[in-house]
Structure formats: structure tokens, C-alpha cells
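The lines below spell out each chain.
2 protein chains.
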Amino acid sequence: MATAQTETGTPRQRYRAQVQEEIKKHAWEQIATAGASALSLNAVAKQMGMSGPALYRYFANRDELITELIRDAYQSLADTIHAAAADGADLRGLAQALRTWALADPQRYLLLYGTPVPGYHAPEDTTRLTSEVMTALLDASDAEGLGAMPPSPLQEHLAEHRGWAGAHPADPAALHRAVIFWTRMHGVLSLELAGHFDGMGFDPAQLYAAEVEAVVGG
Amino acid sequence: MATAQTETGTPRQRYRAQVQEEIKKHAWEQIATAGASALSLNAVAKQMGMSGPALYRYFANRDELITELIRDAYQSLADTIHAAAADGADLRGLAQALRTWALADPQRYLLLYGTPVPGYHAPEDTTRLTSEVMTALLDASDAEGLGAMPPSPLQEHLAEHRGWAGAHPADPAALHRAVIFWTRMHGVLSLELAGHFDGMGFDPAQLYAAEVEAVVGG
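Those protein sequences? They're chains A and B, same order as listed. Residue 79 in full-length UniProt numbering sits at position 79 of the first sequence, with consecutive numbering throughout. Residue 141 in full-length UniProt numbering sits at position 141 of the second sequence, with consecutive numbering throughout.
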């Protein structure tokens, strides 16, 4: 996870940031072993040899901690997609970057896109990060050289309800392509990460690649 | 959930089945409010006014209870898909039945296809139920009147690794269609159930319908 903030500020701020990072590390371990919904600040405090009240000075409650983990995860995804786009990645390249990022840390992917944590409500301010990812996706979906996507009722519908695309000038076909890129890649990745293809015998990477081509080709 | 078993057997067996159903009802409520990974037999016992040891006579541990919930969920899905197929539903009809079933009980869908419960290992014997669903899907994917799916490297690959299709005679195109039906419908449904489309403004039903047409049309 992000460690940049540990390198700036006063010694006291740096110490605080280090402790926060350590708390988050333990929280990810708990999520992997017990699930996000079972995340317990007291259990994290115990693992770190801190008292509960001492830990609450860093995160006031479970939801605040989960929010930080979600923000870190979206930030990491946005950084990954931006880096790929800056390197000239097209839709295929973004798909590959997304897959590599998801497989590198399944818990991180599933915290963002898996079963919601009951009782937890995500804060509004992750919207900026998700729209950064969406913008990169819309850019790549609106590029030259992609297969034709003939007009359809869905494209009209998406063009009429395009608030989620912000001010992006993507045409209706690009809106459509960006949405199905998201849902189709997620469909394969989330089933793969949850182990549903285990024992089926085929290679999920080949399925993913074919789904990427279907989106690129239109 | 299934209640058929409460209607047969001795009074003692019927009582036992009734208590098991009640335990499962409380377990689903706990999953909705606290998450599957936080499911606690002691908490269920407390809600039912039973002692922990009394409840353990019905389910030896958390995993056994989760297994029963998963089995019920797969059974319900298999029944739903069978009923649709018996009514002559084609791939479009199966997709609609799947969506209605998923939206009727998001927790049930997400227990099967969402984030895996850490530390829980599904038993082998749910395989029968998942292959029943897959068989209905392969039948519908192998039917007449569907759009052409030209040969592709993925189809060759799926045909070479077709153990998951059992003895089903589906041709490579039908194997391909069945797999992308699953991953694409799951992609839309799981993001919808997890609330990712909330606030985006478009109608997920229209996206789902267009994805169904893309699979049917090839």
C-alpha cells in the first residue's frame, strides 16, 4: 500500500503515518484470514501490542479503517491504470494491467468489487478515484482503430444517462464499450479470484484475452 | 429456502428439520447484517434461546452450517433454471430467470458467487448441483437459431479442456457461449447487487438485456 506519506512531515507525523500503515497491514491480514466483515480494531490492537483506546487515536472505528483500505485500493488501481495509459496502453493494455493488478492481491480487488461489507457505507470522496479510472477507460474506449459498435437502444439509453461519464466527450458507442469492458472483465476476474474456475480445466487467461478482444472488436 | 423435508418423516425427524430451518433462517439474517465470515453459531443459539451445545447437535460447526446454506442456494438456483427450461425457456429465458432469482435475494447470490468466506472450504458434493445448472446452460447454448460464433483459439482451448462439461455433446461454439453467458451475466449482476451502478443513472436491466443479446447473437 501507499507509503509516500511516511517520507514527509515532522517526526511526529512520520511516526503517526508509520503506525497507520502498520495498522492497515494487520487489517489486510485479518481480512484475508477472517473476512472484511469480521475486521476488529481490538484484534488489530492486540496483534500490535497496543491498547484498544491507543489504536482508536489512529482510526476512530472499523468503518474509518475500512474506508482507508478502500481508498488505498482505489488509489492503487488508479495509479496502475494511469501508469499503463501514460505508457501508451490501449484498451488491451489496460485490460492486462487490470488483470495483473487484481491477481497480485485478490483481497484488495474483492474489497472493492466483491460482496459489500454489511453495515459499511462507503464515503462519497472515493468518487474522485473511481472517476479517474473511468476517465482512462473512456479515453481508451473512444480511441481510433476499435471495432464498430452499431447504434443500439442501450447506447441511446447510456447517452441519455451519461452523468457517470462526467464531462467526457465519449460518443454513445464508447460509453457502451467502457461499460461492457468493466462488467465483462469483472465477470471473468471475480469468478477467477473466487476460485470458480478451479478444477474446470481451462485457462482463465485465455478466456479473459478473448473477452478483451470481443470488447475491442465491438 | 427448501421446506419440503419438514413434511415427511417421524415427528422427531420433522421437529429436527423444523429447528434446522429456523437455524438457517437466523443464519441468513446474520449474513445480511454482519456478513458470512462473521457468522457465529453461538449468536444464532442466543437468538433462538438455545444453548450453544444444544445447537451443535444440529450443526457441528460454522462450516457445516455454511455448507447447508450454500447447498440450499445452489438447489434453489438449479430448481429455478430447471423450471424455466421445462417451460421451454431459451438462453434469453434462462438469463431472465437467473436475474429474477439473483435480485430476489442478493445475499444468497453473493454467498455463491461473491467474495469467498475466508477459511471455509466448500464440500465436493455441491458439484452435482452446479453441473445441473451447467447442463441446462449448455443445452440452451447448443440450441438451434443462435447467432454464429466463428471458430477461435478460445473455442479450441475449451474443447480440449471440456471436463467441466461432463458428457454433454455441446460443440466448441456452445462451450464458448455457455462460459461467456456465465461470466457476462455474473459481471452485470454482481456489480448491480453490490451497488456499483447506484448513482450512475442508467438502468442495469437494459445493460443486462443487451449483454444477453450479445451472447445469443454470438
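These are computed hints drawn from the structure, not numbers from a lab. Please note that the accuracy of each hint is not assured.
Claimed, not checked - Covered stretches of chain A, as calculated for chain B (at least 3 residues, CB under 8 Å):
#1 21-34
#2 74-87
#3 114-120
#4 200-213
Unchecked claim - Computed, partial: chain B to chain A, Cβ under 7 Å:
#5 115
#6 164
#7 168
#8 186
Note that the structure is predicted; figures quoted are calculated from it, not measured. Cβ atoms here follow ideal geometry from the backbone N, Cα and C, with glycine treated the same way.
Status of each hint after checking the structure:
{"no.": "1", "hint": "21-34", "result": "holds (count 4)"}
{"no.": "2", "hint": "74-87", "result": "violated (count 0)"}
{"no.": "3", "hint": "114-120", "result": "holds (count 6)"}
{"no.": "4", "hint": "200-213", "result": "holds (count 9)"}
{"no.": "5", "hint": "115", "result": "3 Å, holds"}
{"no.": "6", "hint": "164", "result": "4 Å, holds"}
{"no.": "7", "hint": "168", "result": "13 Å, violated"}
{"no.": "8", "hint": "186", "result": "5 Å, holds"}
In summary, the numbered hints that this structure violates are 2 and 7.
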